[in-house]
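Residue-level listing of the chains:
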Amino acid sequence: MFSQRPDSRFQSRQARVFDSVFGPVDISQPTPVATPANAFATSDQKWGVLPETEKIALRRSAKLFTDHIDPQPSNVRGTADAAAKDEGESPHARDQVRWDRSWHCVTHALVLAPISYRQVHALREVLRPTKEMLDASFYEALEDVVDPASRVPYANHTDNIIVWHTHQVRSHFLNQVLPAIVRLVKRRDVAENLITGCIEILQTAHHQYFHGLTLIAAEMDKSVPNLSLPSISQFKRDLHAVIGHSAMEPISIVLKTVLEKRVSIILGLPQSNHGEVGIQPEGPASEAARQQILALVGSLKEVGLAGEELQVIFAEIMNRSMTEYISKGFKGRWSHNDSEDLSSTNTGNGKSILPRAAHLSSPSRCTQDLCEWIENRYAKLAVQIINIIDVDTSVTWANKEKYKEMGIGHLAELRISELFDIVVNWPNSNGALDDLRTSITTPQRRLHLTEAFSKTLSEKLLHPGASTLQILRTYIAMIWSFHSLDHSKVLLDRVAYPLQLYLCSREDTVRIIITGMLAATETDSDFGAGPEKLVELAQLLNKEGQPETQANDEELDWDDLEWVPDPVDAGPGYKRSKEADIIGTLIGALGSQDVFIKEFQNIIGEHLLRNDGAFEKEIKVLELLKTRFGEAPLQACEVMLKDIQDSARVNSVIRRAEALDPSPAEIEAARANPQMLDEDVDPEGLLKPSLHAKILSRLFWPQLQDDTYLVPAVIAELQEAYAAGFETLKSSRKLTWLHTLGQAKVELELEDRKIVEEVHTFQATVIHAFGDPAELEPVSRTVEQLVDALEMEEPLVRSAIHFWVSKLVLQETAPSTYTVLETLNSSDRALSNALASAPHANHEEVIETTNEGVANEKMQMYWQFIQGMLKNSSSQMPLQQIAMMLKMLIADGFPCSNEELQEFLGGKVAEGELELNGGKYRLRK
Amino acid sequence: MNYDREDTQNSAPGSLPAAQATKLAAPKKGSDAQSTTKRLQTELMQLMTSPAPGISAFPSADGNLLSWTATIEGPDDTPYANLTFKLSFAFPSNYPYAPPTVLFKTPIYHPNVDFSGRICLDILKDKWTAAYNIQTVLLSLQSLLGEPNNASPLNGEAAELWDKDPEEFKRKVLARHQDIDDE
Numbered sequence: 001m002f003s004q005r006p007d008s009r010f011q012s013r014q015a016r017v018f019d020s021v022f023g024p025v026d027i028s029q030p031t032p033v034a035t036p037a038n039a040f041a042t043s044d045q046k047w048g049v050l051p052e053t054e055k056i057a058l059r060r061s062a063k064l065f066t067d068h069i070d071p072q073p074s075n076v077r078g079t080a081d082a083a084a085k086d087e088g089e090s091p092h093a094r095d096q097v098r099w100d101r102s103w104h105c106v107t108h109a110l111v112l113a114p115i116s117y118r119q120v121h122a123l124r125e126v127l128r129p130t131k132e133m134l135d136a137s138f139y140e141a142l143e144d145v146v147d148p149a150s151r152v153p154y155a156n157h158t159d160n161i162i163v164w165h166t167h168q169v170r171s172h173f174l175n176q177v178l179p180a181i182v183r184l185v186k187r188r189d190v191a192e193n194l195i196t197g198c199i200e201i202l203q204t205a206h207h208q209y210f211h212g213l214t215l216i217a218a219e220m221d222k223s224v225p226n227l228s229l230p231s232i233s234q235f236k237r238d239l240h241a242v243i244g245h246s247a248m249e250p251i252s253i254v255l256k257t258v259l260e261k262r263v264s265i266i267l268g269l270p271q272s273n274h275g276e277v278g279i280q281p282e283g284p285a286s287e288a289a290r291q292q293i294l295a296l297v298g299s300l301k302e303v304g305l306a307g308e309e310l311q312v313i314f315a316e317i318m319n320r321s322m323t324e325y326i327s328k329g330f331k332g333r334w335s336h337n338d339s340e341d342l343s344s345t346n347t348g349n350g351k352s353i354l355p356r357a358a359h360l361s362s363p364s365r366c367t368q369d370l371c372e373w374i375e376n377r378y379a380k381l382a383v384q385i386i387n388i389i390d391v392d393t394s395v396t397w398a399n400k401e402k403y404k405e406m407g408i409g410h411l412a413e414l415r416i417s418e419l420f421d422i423v424v425n426w427p428n429s430n431g432a433l434d435d436l437r438t439s440i441t442t443p444q445r446r447l448h449l450t451e452a453f454s455k456t457l458s459e460k461l462l463h464p465g466a467s468t469l470q471i472l473r474t475y476i477a478m479i480w481s482f483h484s485l486d487h488s489k490v491l492l493d494r495v496a497y498p499l500q501l502y503l504c505s506r507e508d509t510v511r512i513i514i515t516g517m518l519a520a521t522e523t524d525s526d527f528g529a530g531p532e533k534l535v536e537l538a539q540l541l542n543k544e545g546q547p548e549t550q551a552n553d554e555e556l557d558w559d560d561l562e563w564v565p566d567p568v569d570a571g572p573g574y575k576r577s578k579e580a581d582i583i584g585t586l587i588g589a590l591g592s593q594d595v596f597i598k599e600f601q602n603i604i605g606e607h608l609l610r611n612d613g614a615f616e617k618e619i620k621v622l623e624l625l626k627t628r629f630g631e632a633p634l635q636a637c638e639v640m641l642k643d644i645q646d647s648a649r650v651n652s653v654i655r656r657a658e659a660l661d662p663s664p665a666e667i668e669a670a671r672a673n674p675q676m677l678d679e680d681v682d683p684e685g686l687l688k689p690s691l692h693a694k695i696l697s698r699l700f701w702p703q704l705q706d707d708t709y710l711v712p713a714v715i716a717e718l719q720e721a722y723a724a725g726f727e728t729l730k731s732s733r734k735l736t737w738l739h740t741l742g743q744a745k746v747e748l749e750l751e752d753r754k755i756v757e758e759v760h761t762f763q764a765t766v767i768h769a770f771g772d773p774a775e776l777e778p779v780s781r782t783v784e785q786l787v788d789a790l791e792m793e794e795p796l797v798r799s800a801i802h803f804w805v806s807k808l809v810l811q812e813t814a815p816s817t818y819t820v821l822e823t824l825n826s827s828d829r830a831l832s833n834a835l836a837s838a839p840h841a842n843h844e845e846v847i848e849t850t851n852e853g854v855a856n857e858k859m860q861m862y863w864q865f866i867q868g869m870l871k872n873s874s875s876q877m878p879l880q881q882i883a884m885m886l887k888m889l890i891a892d893g894f895p896c897s898n899e900e901l902q903e904f905l906g907g908k909v910a911e912g913e914l915e916l917n918g919g920k921y922r923l924r925k
Numbered sequence: 001m002n003y004d005r006e007d008t009q010n011s012a013p014g015s016l017p018a019a020q021a022t023k024l025a026a027p028k029k030g031s032d033a034q035s036t037t038k039r040l041q042t043e044l045m046q047l048m049t050s051p052a053p054g055i056s057a058f059p060s061a062d063g064n065l066l067s068w069t070a071t072i073e074g075p076d077d078t079p080y081a082n083l084t085f086k087l088s089f090a091f092p093s094n095y096p097y098a099p100p101t102v103l104f105k106t107p108i109y110h111p112n113v114d115f116s117g118r119i120c121l122d123i124l125k126d127k128w129t130a131a132y133n134i135q136t137v138l139l140s141l142q143s144l145l146g147e148p149n150n151a152s153p154l155n156g157e158a159a160e161l162w163d164k165d166p167e168e169f170k171r172k173v174l175a176r177h178q179d180i181d182d183e
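Chains R and Y, in that order, give the protein sequences.
First residue of the first sequence? That's 1 in UniProt numbering, and the numbers climb one at a time after it.
First residue of the second sequence? That's 1 in UniProt numbering, and the numbers climb one at a time after it.
Same shape as in the complex, but just chain R:
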């Protein structure tokens, strides 16, 4: 009806053809009273409604006239029948004419006027036909039409006026009212005005339709009371069906906007354009909106728009508003400190408002808020509106429970989507975890949680861009968070596996964990303060006692009132444990025991060599590892510790025996000397140089890097004396000196200043080479000279020189030539002071170079393997096979990728040690 039908032109042409033959039909013309009826209407013909059928009827009328004469009038017909006969007229024709006239009169009066919708409101003013327009003849005619059986018994072709009215109403509605509504909706206006306009139109149409009906109904009820009721309800149903199916579509969008607005005000949802956050409490505004929406829905119901469509719209709105409420109200709010004041208000009533399913544990703040909201506002609104829409459905308590569960489901969904950030923000996100704990009540939800989390985890964390430290931090936060979610660790195990797998592929994982455990906690006490180390672990280690070992007995602990059954989704290898046990999980999860112990050995070795002291932390970690791995694998570490402890004792014995310590007499003399400063009286400083040693059992220590070089002669002498002392003490053993591993305290006396530094031995050796007392001028040396004189490798020499340059002791006077800086100018002096306050600036760099040394040494070993392989196994091998053999045969694993290996082998080819032939490597002979 809105678009031009393609065949409409054809139809109009057809109509013209008919008209030229039969003459245009004037439907407003009643059958002339004087003219005897020569044509009867067919039984289903309606006046003034369907011209098309009318025409067909007219064409057929002559034939029909003969057909419809009743040859045997029945006896039941009453006096009118007889009277008609008396008049000498056919009673059939007379009744039929009378009926036709009455029908025409009634329909003419009741016909609905087409509305000119320029003035829509005209429709509202007068109900047609008005009382004044109706005269006695109308009521007379109406009687005939309503009860043809008794009034015009011989009329063969009678019709039901109510059916006619229904038909007329339907077509009037579709052709007149609906376009008016569509036009109205298309106007640019506030949605509220539009919807009220629509409802007004509909109401008016309604009144109009029912006005006609009531006239008919009144007539029907005259004879038999309540006769009209079934017809009226039938009419009503038809009308509502028509309206509901056609009128909803154009106005649904507008209606949705209006409803949505009201609902969000009632439920206290913040309006998006206001930029407010948080849920508005109930107030006069929401109460007003409630009244409005109830009135609106009431009138919608009245005009027949409260059908299925409205229910669907309403359901959608309610669903959306729940999601909205949750996301606006709870998103990103993970701790509840900010809303503490609200919490106290509603906890007073004794009975819990949570649905039963969520009763497992103490409810969280958000779930409580949510349930209160649903109980007090959401469910209330839903009940009120549903009661208006449909009287048959009543909202029960069970529905309310269902709403709450839905709400909690939405909340769980939200929190699950935020879970990664929640975990990262641990421990500031306890509230959110509480929410999750309360809301993940079903195995499905648990599964969804782990799946969603694993996905985000692998997207956000398990990629090369994230540092291992960061991953480990997250892992620790995960352990904590998931532990507070679910003590059983089932969830954690499900999400942690890919993480563990990934961590195993990172080389530095174990190192970071162990350094973390050994890190100093005293210096930075607050969390997250140590960006380079996992200080958390050290703190945990200090806090935690021994891990619980009797976890297995828990099943038999009959007095445990906190006991809960294993989670339904626990795997077969499930073991319960109540502790979060971060360290245990980390150690247990990452790599094999061997790798872990090996790394621990390396690190502890480094620590033992670098520091002096009691090594309490190391011992503690060692004890922890022992309880986990057993004594045997950690024996080497035990020995290492013991070595260090023994060394201290042996050291003092040897020094005494070899007279390396200053004698009491000398100390006395030094004290007596007034020129000596107090610090020099320290026995250590008295005899210079002095030597202390740590004696290591070679077999039990990890491979230690040893760059050989010539130690200064004075030191070498001391070493000899010391070794002699050791050999007298332990007759069958021999000392081998590892020059690079020691520490040296160096005192440099320059012309204008004195420098005291704790340095590596190679650094001390290099600076010693500059200290030639014979020369008066500042001593200068080239790198080559130093390499030759000290038999030290060049990178090491350069590293040491670099160190001293940064300390402003040396300066580069020519390329690769360095001179002692005996006097400082003023700017240098300022720099020197600054340096003094920030020592160990380039400590890391030195470590790095030594690490590189170790790596080179490793490569050298792999080269041995490759040589052995090509010499013995097979004289020529492709890269793949070499890599495979190395991976298989080297017990610690071969860390290089194929590309690195190829590069290395390429280097060997360039050096002439290998030749590459047809993709295979072979040794050059």
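Bear in mind the hints are in silico, worked out from the structure with no lab data behind them.
Errors might be hidden in some of the hints.
Below, a sample of chain Y positions facing chain R; criterion: calculated Cβ distance under 10 Å [as the list claims (entries may be wrong)]:
no.	residue
1	Lys38
2	Met45
3	Thr49
4	Gly63
Here are the simulated distance ranges between beta carbons [unchecked claim]:
no.	chain 1	residue 1	chain 2	residue 2	range
5	R	Glu915	Y	Glu167	35 to 43 Å
6	Y	Ser35	R	Ser806	49 to 57 Å
7	Y	Lys170	R	Arg733	44 to 52 Å
No residue lacks a Cβ here, since even glycine has one placed at the ideal position from N, Cα and C.
Fit chain Y to the given chain R structure using the hints.
Below, chain Y without anything else, positioned relative to chain R:
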């Protein structure tokens, strides 16, 4: 590699029967394949990190740790100077409690080696202990090249010539020697 000679290759006059040799090793039979592999891996690492001059050994190219190939360079002041010899090692599953089966793959003219490469050396038979390893075996074999045990020869002619005619011996050694290529 020919394993069916395993039982016979080390049997020289006066040596213990094989059954008795295994009985000697019996008390320590509890070792499993894994510890054998581990031991061999350790030995390999040792060989690679502290190689001895003139000898080398490596598992076979198929990655089977129980079968190795070794190379010995002839010691300088012997008839074998400048020659290299390949050997095969087949380790029993209870190694190191039983000796490996060692054969010369390169043809060699030597009083204590027969023409199929079998070796007569006491530490490969009754004198074997778990303290020996591949490196020591190879070093022993290297020294055997310079100092054959002519008292119990497998190759009588060679034993005779070693003492009587070093020139002829050297000639025979060179004539017999030919480099084998494994592919």
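>> Please list, smallest to largest, the hint numbers that this structure does not respect.
In response: The structure conflicts with no hint, since it agrees with every one listed earlier.
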